[in-house]
Amino acid sequence: MKIVVALALLLSMGSSLLQAKTISKMVTYKSGEEEVSAYLAMPEEKGKYPAVIMIHEWWGLNDWIKSMADALAAEGYVVLAVDLYRGKVATKPDEAGALMSGLPKDRAARDLKSAYAYLQSLGEVNIAKIGSIGWCMGGSYSLTVAKELGEKLTACVINYGRVSGDKNELSAVKASVLGIFGAQDRGIPVESVRAFEAALKELGRTCEIKIYEDSGHAFMNPNNTRGYNKANAEDAWQRTIAFFKKTLKA
Amino acid sequence: MLITATLQMQTAPPRGYLAKPKINTSVAVLVLHDNLGLDNWIKSLCDSLAHEGFMAFAVDMYSGKLPEDMMEAHELERALPEDTARQNIINAAQFLKETYKLKHIGLFGIAMGGMLALDIMMNQKEKFEACVVNYAPLPTADSLIKQLSCPVMIHVGEKDFGIERASVEQFTQKMQALHKNIETHFYREAGFGFLRPNHENFHATSAREVWQRSIKFLKTYLLKSSQ
Chain A
0 MKIVVALALL LSMGSSLLQA KTISKMVTYK SGEEEVSAYL AMPEEKGKYP AVIMIHEWWG
60 LNDWIKSMAD ALAAEGYVVL AVDLYRGKVA TKPDEAGALM SGLPKDRAAR DLKSAYAYLQ
120 SLGEVNIAKI GSIGWCMGGS YSLTVAKELG EKLTACVINY GRVSGDKNEL SAVKASVLGI
180 FGAQDRGIPV ESVRAFEAAL KELGRTCEIK IYEDSGHAFM NPNNTRGYNK ANAEDAWQRT
240 IAFFKKTLKA
Chain B
0 MLITATLQMQ TAPPRGYLAK PKINTSVAVL VLHDNLGLDN WIKSLCDSLA HEGFMAFAVD
60 MYSGKLPEDM MEAHELERAL PEDTARQNII NAAQFLKETY KLKHIGLFGI AMGGMLALDI
120 MMNQKEKFEA CVVNYAPLPT ADSLIKQLSC PVMIHVGEKD FGIERASVEQ FTQKMQALHK
180 NIETHFYREA GFGFLRPNHE NFHATSAREV WQRSIKFLKT YLLKSSQ
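Residue numbers (numbering that gives the first Met the number 0), protein chains in the order written: chain A, 0 to 249; chain B, 0 to 226.
What the hints contain is simulated information worked out from the structure, not anything from laboratory work.
Just so it is clear, the structure is predicted and the values come from calculations on it, not from any experiment.
Check the hints yourself; a few may be wrong.
Said to hold, decoys possible - Between beta-carbon pairs, the in silico distance windows are:
| id | chain 1 | residue 1 | chain 2 | residue 2 | range |
| --- | --- | --- | --- | --- | --- |
| 1 | B | Gln93 | A | Asn167 | 44 to 54 Å |
| 2 | A | Lys229 | B | Arg212 | 31 to 41 Å |
| 3 | B | Lys21 | A | Lys29 | 53 to 63 Å |
| 4 | B | Asn197 | A | Glu207 | 24 to 34 Å |
| 5 | B | Glu67 | A | Lys229 | 38 to 48 Å |
| 6 | A | Lys29 | B | Asn122 | 48 to 58 Å |
| 7 | A | Glu44 | B | Phe201 | 50 to 60 Å |
As the list claims (entries may be wrong) - Among chain A residues calculated to face chain B with C-beta under 10 Å, some are:
| id | residue |
| --- | --- |
| 8 | Asp93 |
| 9 | Glu94 |
| 10 | Gly122 |
| 11 | Met136 |
| 12 | Ser139 |
| 13 | Ala182 |
| 14 | Gly186 |
| 15 | Gly203 |
| 16 | Arg204 |
| 17 | Cys206 |
| 18 | Trp236 |
| 19 | Gln237 |
Beta carbons are placed, not taken as given, at the ideal position from N, Cα and C, and that holds for glycine.
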């Protein structure tokens, strides 16, 4: 099933010839006193690659997120898809709600900083080029990573996650930011996205924002039967690839 | 007669729902809603608190928005500007103190609201004297737990899909080790959202028990300190 999803995704990209063969496995790393797990994907060919910390939606580290990690790895990145829920995956909204509402923020932030430290320990990683990406709740945490890591993070992609227009809060962000949103999102009005963009630009940060007029929340997830928008999802993914290429491979 | 009113202020508005007790009081409870927003159920909690002799104010952290379904609730929760939400809570506390000359304020937070209640005690100087946290994520770092300065009561359902019993026990032990006032209750038959009558996990007997324990706790630390 996972292979099928990944394959379908690769084919839908229409550029499979350029993509590298990848390998993947579950790994564990230390977060404080705890051992946490994550999904690690990278090109099969030996080398030094830029790396990306990938953060899941409120559903958890599911097959879709793993397929996204595989797809990004095929573009020439070491991708660590973290598991903030410690093994739990939701399939129903009430379970996902309980998981998201029950996640201790300080523990999540520690897991993410530890993910960065873990990537630095890998021989395949170009440690000067590390980025982050997340969707939904993970989009919010992608911004958290940028705030926590400051200049250690080079690129940050936020897909419909919480934003802020507060320059004090955002001043810790040093990474280049790509923000992808849907104008029909019921929780993030377009004006707050614009305030976020303006605040980052006033701080002198590089910031690209793309708002899809005809999409709402979670439009990139093919399992989102109500809101998936294939054309926008593919466009957003191409923008993401181009952004990481520009920021992490330049 | 129980008087209730929705406050609409011209400046620095603490937007929310206020329920006043019949008697004069110097104590108040701020109710912090879950991701379904300040709806009739949250208002009914304020009314019940007023019956018990508290001034009760539910802070509207969604600025008037009421989600129509669980997915919209999720979209709002994921996007909540937490700094603004915290400021709204502080404004509400200050408003109650100034307008009604209240001296002792407690917090009653549900899920997302419980997380904000703990957050506010860890980040702000505003003083609260009792805090009830219903199925919310708990801080794990000692440096954060140290900052929780008032008595805390925790209610968690053992069938909660997100909150592990072990993590609640760990938090409780850390509070105790720091000589903090902590009271933790588990509800065997209950899952996440069990207080809310329109939630599929609603569990009436557990909810009643939470309410009785919470009222007793709030009276102990708010009413007594006002005497």
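- Task: With chain B as the partner, please determine if glycine 186 of chain A meets the hint condition of a C-beta pair closer than 10 Å.
- Result: Given a least distance of 3 Å, the restraint on glycine 186 of chain A holds.
- Message: Please check whether aspartate 93 of chain A passes as an interface residue: C-beta within 10 Å of a C-beta belonging to chain B.
- Response: holds, 6 Å
- Satisfaction of the methionine 136 of chain A interface hint, Cβ to chain B closer than 10 Å: Because about 5 Å separates methionine 136 of chain A from the closest Cβ in chain B, which is inside the 10 Å limit, the hint holds.
- Item | Whether the CB-CB distance between lysine 229 of chain A and arginine 212 of chain B falls inside 31 to 41 Å | violated, 51 Å
- Query: glutamate 67 of chain B and lysine 229 of chain A, beta-carbon distance inside 38 to 48 Å?
  - Reply: violated, 26 Å
- Query: Does the interface hint hold: is glutamate 94 of chain A within less than 10 Å of chain B, judged Cβ to Cβ?
  - Reply: holds, 5 Å
- Task: Would you settle whether the hint for glutamine 237 of chain A is holds or violated, based on the nearest Cβ-Cβ distance to chain B being less than 10 Å?
- Result: Hint violated; glutamine 237 of chain A Cβ to chain B Cβ min 25 Å, cut 10 Å.
- Per-residue hint verdict: tryptophan 236 of chain A, partner chain B, C-beta under 10 Å: The hint is violated - tryptophan 236 of chain A has no Cβ within 10 Å of chain B, the shortest such distance being about 21 Å.
- Item | asparagine 122 of chain B and lysine 29 of chain A - C-beta distance against the hinted 48 to 58 Å | violated, 28 Å
- Message: Restraint: arginine 204 of chain A near chain B, CB-CB cut 10 Å. Satisfied or not?
- Response: Violated. Min distance 19 Å.
- Is the shortest C-beta separation between glycine 203 of chain A and chain B less than 10 Å? It is violated, given that the least Cβ distance between glycine 203 of chain A and chain B is near 22 Å, above 10 Å.
- Mind checking the CB of cysteine 206 of chain A against every CB in chain B and telling me if the closest is under 10 Å? violated, 18 Å
Hint compliance for this structure: hints 1, 2, 4, 5, 6, 10, 13, 15, 16, 17, 18 and 19 are not met, and every other hint is.
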